[in-house]
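Line order of the protein sequences matches chains A and B. According to our numbering, the stretch in the first sequence is residues 63 to 509, in order. According to our numbering, the stretch in the second sequence is residues 319 to 522, in order.
Hints are supplied without guarantee of correctness; some may be wrong.
[Stated by the list, open to error] If you want the footprint, here are the derived chain B segments under chain A, 3+ residues with CB under 8 angstroms: (1) 354-361; (2) 421-430; (3) 437-447; (4) 495-508.
[To be verified] Here are the simulated EDC-like cross-link-like pairs (lysine to aspartate or glutamate), alpha carbons at most 16 angstroms apart as the crow flies: (5) Lys461(B) to Asp481(B); (6) Lys364(B) to Glu284(A); (7) Lys498(B) to Glu419(B); (8) Lys461(B) to Asp406(B); (9) Lys356(B) to Asp416(A); (10) Lys356(B) to Glu284(A); (11) Lys470(B) to Glu419(B); (12) Lys513(B) to Glu419(B); (13) Lys336(B) to Glu159(A); (14) Lys423(B) to Asp469(B); (15) Lys461(B) to Glu488(B); (16) Lys446(B) to Asp378(B); (17) Lys446(B) to Asp406(B); (18) Lys336(B) to Glu284(A); (19) Lys438(B) to Asp186(A); (20) Lys391(B) to Asp429(B); (21) Lys119(A) to Asp186(A); (22) Lys446(B) to Asp407(B); (23) Lys461(B) to Asp397(B); (24) Lys487(B) to Asp456(B); (25) Lys471(B) to Glu419(B); (26) Lys119(A) to Glu201(A); (27) Lys176(A) to Asp380(B); (28) Lys359(A) to Asp322(A); (29) Lys446(B) to Glu201(A); (30) Lys446(B) to Asp380(B); (31) Lys176(A) to Glu419(B).
[Stated by the list, open to error] Between beta-carbon pairs, the in silico distance windows are: (32) Ala386(A) to Lys470(B): 30 to 38 angstroms; (33) Lys372(B) to Leu314(A): 40 to 48 angstroms; (34) Phe396(A) to Asp406(B): 49 to 57 angstroms; (35) Leu462(A) to Lys515(B): 28 to 36 angstroms; (36) Val433(A) to Lys372(B): 34 to 42 angstroms; (37) Leu375(B) to Ile425(A): 48 to 56 angstroms; (38) Val408(A) to Gly473(B): 42 to 50 angstroms; (39) Ile353(B) to Tyr508(A): 44 to 52 angstroms; (40) Gly473(B) to Ala167(A): 42 to 50 angstroms.
These aren't lab readings, by the way, just hints derived from the structure by calculation. Cβ coordinates follow ideal geometry from the N, Cα and C atoms, glycine included.
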Amino acid sequence: MEAIAIILHIVTGAGVLSILRIRRHLIAFLSLSFLLGIGLTSFVPFLLELAHININKVSVLLSMALLAIASAICCIYNRRFLIQILSINNSKIRLYEIPFFLITAYFMYISIWKCYFYPNIPFDTLVGPELIAKATFFEQTLRNTIYTDFLTHTYPLSNQPYYAPFIMLMQVIFLCLGSLFGKIWLSGMVLAFFLYFYFELRYYIHPLLVGWLLTFLWFMPELYSYTYLVQTDYPNAIFLFIAFSCMYRYYLNDNPKKADFWLSSLFFGFASWTRTETILFLPVILLFLTKQRFIIKALSYSIIPLILFIGWNYIFLGFIIPKAVPLGTINFDFSDYFSRGWTTLVGTHKIMFDIAYWNYSFILFFIILLVNISLYRTKTEFLKLSWVMGMHIIFMLIVLHIEGANIPFTFRRGFFKIIFLSLFYAGTSQLLINCSKWLERAITKYL
Amino acid sequence: MKRTDLFQQMSKYASLSKVLLLLTLNLIGIGIIFILPKNISFIKLKVQGFYNTKLRLGNDLDSTARYNLVYAKEAAIIDLLDSVMQPDDIFLLPPQYYLVENAYKTSPATDPYTWTYPSKFKNLVMNKFNFVEITAPDSLLTKATHTFLADKKRGLRLVNLNDYSATQKEAIINHLKTYKPFGFFIPQTAIDYLKHKTHKQWKQ
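Using the sequences and the accompanying hints, generate a full structural model.
Dropping the structure here:
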């Protein structure tokens, strides 16, 4: 049943991508289809609830099939475009790229096995998304007794059950489809993300360099753990990364494609649907909209993320089901602000450069970033740098001003977002673009 | 051989040589990344450790066995409760501080009764039986039929509260109410607490 779900996700995503005419390498296209499909399918239980239909195997499977059929019709309508995507020229992989895929298989095998074999372990997941997902599965409704009876009386009460709903909804879907522990969708997301990331960077630099950069990404112990532990942070970082990568294409293109813009907005919406505080990073991505009609573009971009943010946090929670804890209390304490700010800065840097968490990888990305910015001080490079730094600054403000946010947990796992962006920065840097050209020239000359 | 054929043949060899050269370069690069000290220890200790675990566990474990690899203790507690409780019975979830203070062994340090976190307990129990927390109103607490009592000598004991007189039951509940319901997530915090223990009356 999990295999059927994966195929349905790919078909769902492919239909939308064919409407938007998003051109990518075949493998990147399929990966992006899967990630888009999984994002769209996560709304199925939510929409069933709004339509007062019981959430069970039949209704979930039927809804997913309907979604896939609608997308398949779009695929048939845009078949010429899809034939181009499926063409041999667009699906070539060279022999020297194979080692990276073998490394990915080596790491992914364990991730898939652990997702399939073990029940959920993280405390935050057990007392939050999984608790709600199980109750939804047994009671066939999101308006279940956990929300209506249990959480309104229990002590101590934490905010995990009120987390943004993506992983809870995915657990609901896979439990309904008969998956024992549900979480196999996470492995699918991680694999699709790595493949998408590889081909996205290959668009800018030599495949050899991409393979090495992403091999470093696999060697991050902390990041690797979350390829099989279900938490909100990894899926959130994946969605956010795709939003940024599409926005970058939109920015670079002489004739910006609206499809890239809307796809970016949709994935930013998915990211907000996965972690609530993502909405605070909206100004960072909007930095790339500096050309004409900034306000209209910024407002258009924000529509989907804001609808999803408000829809879950203020309409579903609060109006449709009771909400026992408020959404993160903001504190306006400015006493000892500089000293606390300095402590936060030092604390976040300790996490960022702790090789026990990230091995050498982040240090390498940081070195590339420093060398690149000292050699190539173009507007684009500065804007990309502002993504990485902007995320860091907003995280520091979150730690300083939102009750419960902290460096050891909130920032450490939230740092995944910054890692992907700093790697994207390195992979699209002028430094590595020039290195790629040099490598190509050197090899041609040698032969 | 025609001149054009010769050129085609040469460019084919050049292209093949280029691919082989890049493959060699790639393997050298990846090899260097692998042998960096931290990376090699990550592979040996963590990833290869998982491969060994997978080999040891094999492919024949059923769903219960797989569940028990992580939640054996919790499953045993819940199965025990499920076997003795009737549909109308209510389990009184004891406070974690009570269990840690009275029945926790620091050597070897184990999980400090994290199953008593109400949301986690609810996740594990779901609809198997009813339970009530120590912070519930007295009107609910007096309906409780079972709980765990703890002491250093006998450890944890599952008791039927209906076997006690009304006064004794009230005394047990009142005693449990003096403990904070929850506060330890990892063994070290429980060990540190027991070293400097000061039991104070707790109020919500």
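Exercise. Tell me, which hint numbers fail for this structure?
Worked result: 2, 16, 18, 21, 23, 30, 31, 37, 39
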